[in-house]
Amino acid sequence: MTPGPLTVALLGNPNVGKSTLFTALAGIPTRVGNYPGVTVEEKIGRFTHRGQAVDLVDLPGTYSLAPQSPDERVAVDVLHGRMPGVARPDCILVVADATNLPRNMFLATQALEVGVPVVIALALADVADRKGIRIDVAELSRRLGCPVIRVAPPTGEGVATIRDRVVEATNGPAPRPLQLALPKAGTAVRPAAETEAIARYAAIERLLDGVVGGGGAAALVEDRIDALLTHRVWGTLIFVGVMLGMFSSIFWLAPPLMDLISAAMDHVSAFVASLLPEGAIRSLVVHGILAGVSGSVVFVPQIALLFLFVAILEGCGYLARAAYLMDRLLVGMGLSGKSFIPLLSSFACAIPGIMAARTIENRRDRLLTILVAPLMSCSARLPVYLLLCGAFVPDRAAGLPWLPLKAAVLAGLYALGVVVAAAVAWVLSRTAFHGPPQPFVMELPGWRWPRPAVVLERAREAAWSFLQNAGTLIVALSIVLWALMTYPRNEQTIDADVAALRTAVGERIAAADDDAPDRADLVAQLEALDTPEGLAAARQGAAQRHSFLGRAGQFIEPLVKPLGWDWRIGCAALASFPAREVVLGTLGVIYDLGDVDPGDAEGATALERRLKAARWDGTNRPVFTLPVALSIMVFFALCAQCASTLVVIGRETGSWVWPVVTFSYMTALAWLGAFAIYRIGLALGW
Amino acid sequence: MIAVSLDDVPVGSTVRVRDVAGGDAVAIRLLEMGVTPGVEIRLVGKAPFGDPLELELRGYRLSIRRQEAARVAIGDR
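Read top to bottom, the protein sequences are chains A and F.
Residue numbers 25 to 710, in our numbering, belong to the letters of the first sequence in order.
Residue numbers 4 to 80, in our numbering, belong to the letters of the second sequence in order.
Derived from the structure by calculation, the hints contain no laboratory data.
Among the clues, some could well be false.
[As the list claims (entries may be wrong)] Sample of chain A residues facing chain F (criterion: CB under 8 Å; computed from the structure):
1) Pro126
2) Phe130
3) Glu218
4) Thr260
5) Asp351
6) Arg352
7) Pro463
8) Val465
9) Glu467
[Said to hold, decoys possible] Incomplete in silico selection of chain A near chain F, CB under 10 Å:
10) Asn124
11) Tyr225
12) His255
A virtual CB, placed ideally from N, CA and C, is assigned to each residue, including glycine.
Could you put the whole structure together from the sequences, leaning on the hints where they help?
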């Protein structure tokens, strides 16, 4: 018996049930990550058979071992033992789709030439039976010179035999597999890879002659389904329905779960806070660590739900059809049909959207999709839009009597994200991402029922990899930001600041007419300063204004003044880097309201009133006007103020260059957009 | 008028591939997917905007863009 564990590489075309077989053989993977230097996922699982430990290495789904894409290069490197950290395989387990044997034999015969024992698993054997496809397994095994086993993991068929054969193959005498004797040299008009591919298919036709038969009749049903679902009218309508269904379930199903997580985390925070003495440690634990944990766990419902839907669509074969239907539309923007679902789900949240870009095999398209996904107006922007639209956009119709201006502005902000994303993708695909034409050659897999075990595993895996990879970084970032917002802290400065505030409000009351609309608010604000809560809120605001982040906000005032902002808005924008929606809470703190919850009606009203009462320092000029509100909303529509998104971009692309690029270009666009709308607003006298 | 490449055959027709214009990654991928000289291909349909195309060959379905289909020369049937 071999002392160490055997290494078995699992190789197969995409969509042939490779992950189903992986789960059936090894269960939950013991190691998930990225291969060094590339963004190709590494998945290793272990099982023990007759006392022999076996490491099962799941290779990315590939059609060929002629390495063209990063996925194929990884597969080839692993198979030849050139991948650091992965032992050279003792055996290759090839998963071949029994319903589509000729095309699958292309990869299988390439695997036989690697020089390592090969075992072939005929996946979807049960589906092939139902379709009336007959395969002479014994004859195929004889012709190939390697074991061929029918598998149907849901019924358990073949799984035990696979384990036997894999362990035997590595113990037995050296294999004498089939050698196709293909031409290895090119011709004057064709490179070697092309002549080889042509000759290989010719050899496969001879190899399968008399081995595979039947299957014509059942294809008729599939044809009908396909004809309906890719029909110009019906197919498009069904597509719109499916996408709306998917999107709205994420939009409606996730929030209750997210609220539950937030509420649970609030309880944990309150409990922990009650254990710790008032002071820096408590603040660090509650506002730094626990806020970070809560801020990352809260994304899990959306991620899990989206991947559940993607896995169902992928499992039944619709994902490829969705890409097929949408391709033309997205090609115009320099993307591809596969970008559609990642971009659509980014309207709920960019994080699951960016993770869903994993389904795009083409590296260029995937990267472009990831770069523009955060421009889609996510659900975190909505509260910002709603509050500012509610408070500062006048209550009247926008040209058409049935269209309120508030709704038009809201729709405009959503449209802005889409238009800018299209423009950015278009420009990038013609400049920085310009290159030779990328093949769009996509298999449209047969229709079948998704397998619940695989669907659940996809959702679990996505959520877990997010928590493991991104979650830890989000917590770390949250601690850093907490420190920047808390320090330095000087009690004398804070006292002086609160005293100055008292004087300023007093002066404004004295200067205001008795019936001035905001007089009552000012009086209330002054009176609040005499209550313990009001004083604490004012001190909290003063502390934040004097923290590193607050000072940075004052420092960047020249940068935000052209947008019509005062330094407080600049502070709030800076402080909202952890997550956009924080901006409202931060505005509350900066304007001395303390921790208001902009989510509830009372908090929102208080914040609205306080923002309306805000004046430029030392003047009676209101800070918040319609152009300023529009400028803030446009800024938040386009900016990348979401640390978690940037962390996920870094993790998914395997490089910290891309989050920096994303942040820079989005911030630049946000500034320009905010500047433009503010100037237009002023010029038109809004 | 006889169609010469796969991008201008009518939906529903079955044609035989004569050649795939080669030399780059797109050609290699087409050949690897089984679009080789001599193989029979049926044009199953077109996406709502007329592009990409849905093909059937070697017992499975494949989608390629018109641009790629234009490289596939077809013979007379």
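Each hint, compared with the structure:
| no. | hint | result |
| --- | --- | --- |
| 1 | Pro126 | 5 Å, holds |
| 2 | Phe130 | 6 Å, holds |
| 3 | Glu218 | 5 Å, holds |
| 4 | Thr260 | 5 Å, holds |
| 5 | Asp351 | 5 Å, holds |
| 6 | Arg352 | 4 Å, holds |
| 7 | Pro463 | 4 Å, holds |
| 8 | Val465 | 5 Å, holds |
| 9 | Glu467 | 6 Å, holds |
| 10 | Asn124 | 4 Å, holds |
| 11 | Tyr225 | 5 Å, holds |
| 12 | His255 | 8 Å, holds |
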